[in-house]
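Visitor: Now for the letters of each chain:
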Amino acid sequence: MPNRNISLRRQMTDYFFTGLAASLSVIVVSALIAILAYLVLRGAGSLNLSFLTQTPKPVGETGGGMANALLGSVMILGIASLFGVPVGIGAGIYLAEYGRNRLGQLVRFTSDVLNGVPSIVIGLVAYGLVVLPQRHFSAFAGGVALAIMMIPTVARTTEEMLLLVPHAVREAAFGIGIPQWRTTISITLPTARAGIITGVMLAFARVAGETAPLMFTAFGNQFWSFSANQPIAALPLQIFTYAITPYDDWHRQAWAGALMLVILIVGTTTLVRFVFMRRMLGGAR
Amino acid sequence: MATAVEVHDLKAWFGKTEALHGINMAVEAKHATAVIGPSGCGKSTFIRCLNRMHETNPEAKSEGTVRVGGVDVYEMPAVDVRRRVGMVFQKPNPFPTMTIYDNVAAGLKLNGTHNRKILDDIVEHSLQQAALWDEVKDILKKQSGASLSGGQQQRLCIARALAVSPEVMLMDEPASALDPISTAKIEDLIFELKQKLTIVIVTHNMQQASRVAEFTGFFLMGNLIEFDKTEKIFTNPSDKRTEDYITGRFG
Numbered sequence: 018m019p020n021r022n023i024s025l026r027r028q029m030t031d032y033f034f035t036g037l038a039a040s041l042s043v044i045v046v047s048a049l050i051a052i053l054a055y056l057v058l059r060g061a062g063s064l065n066l067s068f069l070t071q072t073p074k075p076v077g078e079t080g081g082g083m084a085n086a087l088l089g090s091v092m093i094l095g096i097a098s099l100f101g102v103p104v105g106i107g108a109g110i111y112l113a114e115y116g117r118n119r120l121g122q123l124v125r126f127t128s129d130v131l132n133g134v135p136s137i138v139i140g141l142v143a144y145g146l147v148v149l150p151q152r153h154f155s156a157f158a159g160g161v162a163l164a165i166m167m168i169p170t171v172a173r174t175t176e177e178m179l180l181l182v183p184h185a186v187r188e189a190a191f192g193i194g195i196p197q198w199r200t201t202i203s204i205t206l207p208t209a210r211a212g213i214i215t216g217v218m219l220a221f222a223r224v225a226g227e228t229a230p231l232m233f234t235a236f237g238n239q240f241w242s243f244s245a246n247q248p249i250a251a252l253p254l255q256i257f258t259y260a261i262t263p264y265d266d267w268h269r270q271a272w273a274g275a276l277m278l279v280i281l282i283v284g285t286t287t288l289v290r291f292v293f294m295r296r297m298l299g300g301a302r
Numbered sequence: 370m371a372t373a374v375e376v377h378d379l380k381a382w383f384g385k386t387e388a389l390h391g392i393n394m395a396v397e398a399k400h401a402t403a404v405i406g407p408s409g410c411g412k413s414t415f416i417r418c419l420n421r422m423h424e425t426n427p428e429a430k431s432e433g434t435v436r437v438g439g440v441d442v443y444e445m446p447a448v449d450v451r452r453r454v455g456m457v458f459q460k461p462n463p464f465p466t467m468t469i470y471d472n473v474a475a476g477l478k479l480n481g482t483h484n485r486k487i488l489d490d491i492v493e494h495s496l497q498q499a500a501l502w503d504e505v506k507d508i509l510k511k512q513s514g515a516s517l518s519g520g521q522q523q524r525l526c527i528a529r530a531l532a533v534s535p536e537v538m539l540m541d542e543p544a545s546a547l548d549p550i551s552t553a554k555i556e557d558l559i560f561e562l563k564q565k566l567t568i569v570i571v572t573h574n575m576q577q578a579s580r581v582a583e584f585t586g587f588f589l590m591g592n593l594i595e596f597d598k599t600e601k602i603f604t605n606p607s608d609k610r611t612e613d614y615i616t617g618r619f620g
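Order-wise, the sequence lines are chains A and B. The opening position of the first sequence corresponds to residue 18 in the numbering used here, with each subsequent residue numbered one higher. The opening position of the second sequence corresponds to residue 370 in the numbering used here, with each subsequent residue numbered one higher.
Any given hint might turn out to be false.
Unchecked claim - Partial list, computed: chain B residues near chain A (C-beta under 8 Å): (1) P427; (2) V448; (3) P465; (4) A475.
Hints listed in this document are in silico derivations from the structure and should not be mistaken for laboratory results. The beta carbon of each residue, even a glycine, is placed where N, CA and C say it ideally should be.
Chain A on its own, in the form it takes in the complex:
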């Protein structure tokens, strides 16, 4: 004979905690929705064709756009991913598959510390490494700064995702005489692919909005630049520049720029997922 009081109390506790979890999730989601909604509200009006095709106009003239900054962001992020993703994934592979030693611990520790270094310090490092020797600002220098920021996130997520692949999968490969490097490339990495892509996208999204490290690397530019070797505009820089001016028109453009940045990040993330996930098998997960 079940005690009715206990079962009632248990039911109430169950309701309470389910409700608590649900309302906390709502808080998390509503913060995101609030930001997005406010961005759209303030920015969508100024996000027109000229914004996407023109360069900034001089002070006093209305109109103009952030087309050069959009291109600049794409270039800088491209350069950053080109360096940051392979290095990060490579380091992650080392940590997961070979890194149970002193060097592995050292790499793990350094990458965690690097993850916590303020972004402006990373910018200074890129300034010292690239800008000073070259004696000029460049898109390349901005890319290097962001690449350094991507590496620890990509490396640690790659490591964690590879470690999630059951040991049985590796054993199966060793058991039929597949060498360890082959196993990693052809079996373990593809098995962990979804998680690694998520990690890469997380790192990408995080650095896409960085402003400080670009200030004395990419520097910014009011005009078109198609060279990795020249100072270049970037959305976060342009947003910052416009937002601290007293002009209403530039404020509106800053909002549109912020919205554009979010669209760029969400768009890239979705595209990458779509392209890579589609190659996964229908039957498996």
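Keeping the supplied structure of chain A fixed, place chain B upon it in accordance with the hints.
Guide: Here is chain B on its own, set in the frame of chain A:
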């Protein structure tokens, strides 16, 4: 009668713990040999030494000689040993991102065989040997290995091991995660396979050992207590400890 695997004074460690204390055994070619004993007695460690899987554990080491077809396995590259001595594990472990076809072809493809005709033939032959061909021939390249049932997955793993044409097949409790019907299929398979290759099977199930194996070795606490014809082990063991174990007095 020929010897397929000759084990001499084999010792194995995990860190500082000695798990095997000097095992001697001669495994008969083209027969099935069962390895029985209570949990933790070293039977899995023993067969994992035969194809050098033991040393994939960073803490592990081993000592002594294991000869396969007369050649010491510690004198050849580990990957070559594992192609000659295949392995099937306790839990079915197909490669989750690969199709059924690619699972079977993996051992060849990832070691450089890319001829379509050769691959097609070997995949079909291996799946037929593993008695899985009829069930999967229409979905070979459409479905993932992980989409099959547990029993089918285990036969897929057997096919995958057969595809690299090993001389010896090690089976580490291959049916312990399967239902009785799938188990019966695996046992039938062992009967077929031992016409062509040597089988060493670890099992907790003594009826299974007596059904499939001509020879049986009884392990206890890292020692091979008794090794003889299966019939002898189960009807008239020479060692008291073997008798206690098979009559269920411990273990």
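Visitor: Evaluate each hint against the coordinates.
Guide: Outcome of the hint check:
{"no.": "1", "hint": "P427", "in the structure": "6 Å, holds"}
{"no.": "2", "hint": "V448", "in the structure": "5 Å, holds"}
{"no.": "3", "hint": "P465", "in the structure": "5 Å, holds"}
{"no.": "4", "hint": "A475", "in the structure": "7 Å, holds"}
In this structure, none of the earlier numbered hints is contradicted; all agree with it.
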